[in-house]
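If you read the sequences in order, they're chains F and Z. Quick note: the first sequence uses the working numbering, first residue 1, plus one each step. Quick note: the second sequence uses the working numbering, first residue 1, plus one each step.
Take the hints with a grain of salt, since some may be wrong.
Which copy is meant is left open, so a pair is good if it fits within one copy or across any two.
[Unchecked claim] List time: in silico EDC-like cross-link candidates among lysine to aspartate or glutamate, alpha-carbon distance up to 16 Å:
#1 106 / 36
#2 157 / 48
#3 13 / 41
#4 102 / 24
#5 106 / 24
#6 196 / 34
#7 27 / 37
Don't read these hints as lab results, they were simulated from the structure.
2 protein chains.
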Amino acid sequence: MNKQQLVAEIKRKNSFLCIGLDTDINKIPKHLLDFEDPVFEFNKQIIDATHDLCVAYKPNIAFYEQYGSKGWDTLQKTIEYIPENIFTIADAKRGDIGNTAKMYAKTFFDTYGFDSVTVAPYMGNDSVLPFLDYQDKWTILLALTSNPGADDFELQKLESGKYVYQQVLETSKKWGENIMYVVGATRPEMIAEVRKIIPNHFLLVPGVGAQGGSLKEVCQYGLTDEIGLLINSSRGIIYAGTDEDFAQKSREAALQIQKEMTILLHK
Amino acid sequence: MNKQQLVAEIKRKNSFLCIGLDTDINKIPKHLLDFEDPVFEFNKQIIDATHDLCVAYKPNIAFYEQYGSKGWDTLQKTIEYIPENIFTIADAKRGDIGNTAKMYAKTFFDTYGFDSVTVAPYMGNDSVLPFLDYQDKWTILLALTSNPGADDFELQKLESGKYVYQQVLETSKKWGENIMYVVGATRPEMIAEVRKIIPNHFLLVPGVGAQGGSLKEVCQYGLTDEIGLLINSSRGIIYAGTDEDFAQKSREAALQIQKEMTILLHK
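Let the hints inform the model, and build the full structure from the sequences given.
As structure tokens, then:
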């Protein structure tokens, strides 16, 4: 999916919501455990209930990988079930030297057919470029994350006066066009700083909802003429209900955010 | 495997060699393609031919993951085939927020039973601590990697005058005891700088051989009273031969390094 198509979908749906499929078998409604693949059944019902309200789904790979090859089968079924016009993000946060990065890119782009994958920048250009070589795909680079540990390294100041995360933006924006960035919602005022370096790139923003970030503030600093934002919510949507009506509850939670987004888009 | 056991194995075998099982189906001898699982057959024969010469095996997870659930089955068979007294490293370079990091730790330590996993530090403490919670397991944190891209961020100077990778060492060494570090062999003089911050930690050193690092120089700067080094070689060993005698050739390549290590250990 290219940028124009993504922007068109956002405008059509009045939504820039991404739903995180962080599906934990211990947290899904008990009646689903009778299915052959309870995690897939859960994802399927969540997708059925929400696909007209969001523009992206983001399975967190760790949640699938923990079950070994069986989990990867569940991931494959899930990705195949997501409708064509929805942007898919493999939240994998991979990062390794050139020939290994190539394999990771192959895994998520070719084997599983994701539109995008999250990548960690620590190892520098040759760990990211093999992902960017897939020019019809997107690399979503970690910049400023929403967790407390961001203080340890991302928010350390360099000799130049810039934070490490700012250097990541400065350096990596020259590597290619097909790049987006993870910027956490728990520090919305920093999105203004991010926009000074990358005024037009799409940002994938986690941390709205369960982690405490405000959608309104994120939009105030982050929205661009071409939207430029994908706001992720995982737990707040997929675990909105705990009973047989869980999918309906997840729809209600997604609808609430989508309504808020409609207002913010037309301000 | 605890530190004492690892050091004892190193002394018994006169080797601190780690063999990287970066097995690529396009690079293995053609006659193996007749087997049901060619990659596992290759790994099996490499392990049979080299297990008395090395103390660790390090499958690079990307090489397995690219084949989806089938690749993860191959990984599982491989890890189960590795003898008990050999240290196993999942070269996965994972890194994500707390509850996700917990899943990754579970994957490699519980589901697959690895002794250790490589972890990326970018997201800070809460992305690493869930791995360290497995106190009988090891977390191998990326510090200074051997690839050219290390210049982009790892070798940026902070306001304090320290490099980012030095800050990673300084900060993370306080997080727990069961931690090792990846430090590349292509910059051996920097191992002296690393030893000023972490005089006793084990280092996993890639980059000897194919990437151009010198074993002698790495030892000069990195060896400690308790050895403190695991030197990885992947392609130089596993692809030493290309024909039916590939396992014998890999043994010869491993033996050459092991002999050099024997001399360096008894200097």
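Verification of the supplied hints:
Proximity of residue 106 and residue 36 under a CA criterion of 16 Å is satisfied in neither setting, with 29 Å inside one chain copy and 23 Å between copies. Proximity of residue 157 to residue 48 under the C-alpha cut-off of 16 Å is found in neither arrangement, the shortest distances being 45 Å within a copy and 49 Å between copies. With identical chains, the CA atoms of residue 13 and residue 41 are never at most 16 Å apart, being 25 Å at best within one copy and 51 Å at best between copies. In this assembly of identical chains, residue 102 and residue 24 lie within 16 Å of each other by CA distance solely across copies; the values are 12 Å between and 29 Å within a copy.
For the homomeric pair residue 106 and residue 24, the shortest alpha-carbon distance between copies (13 Å) is at most 16 Å, but the shortest distance inside one copy (26 Å) is not. In the homo-oligomer, the alpha carbons of residue 196 and residue 34 never lie at most 16 Å apart, since the shortest distance is 51 Å inside one protomer and 57 Å across protomers. Proximity of residue 27 and residue 37 under a CA criterion of 16 Å is satisfied intra-copy only: 14 Å inside one chain copy versus 36 Å between copies.
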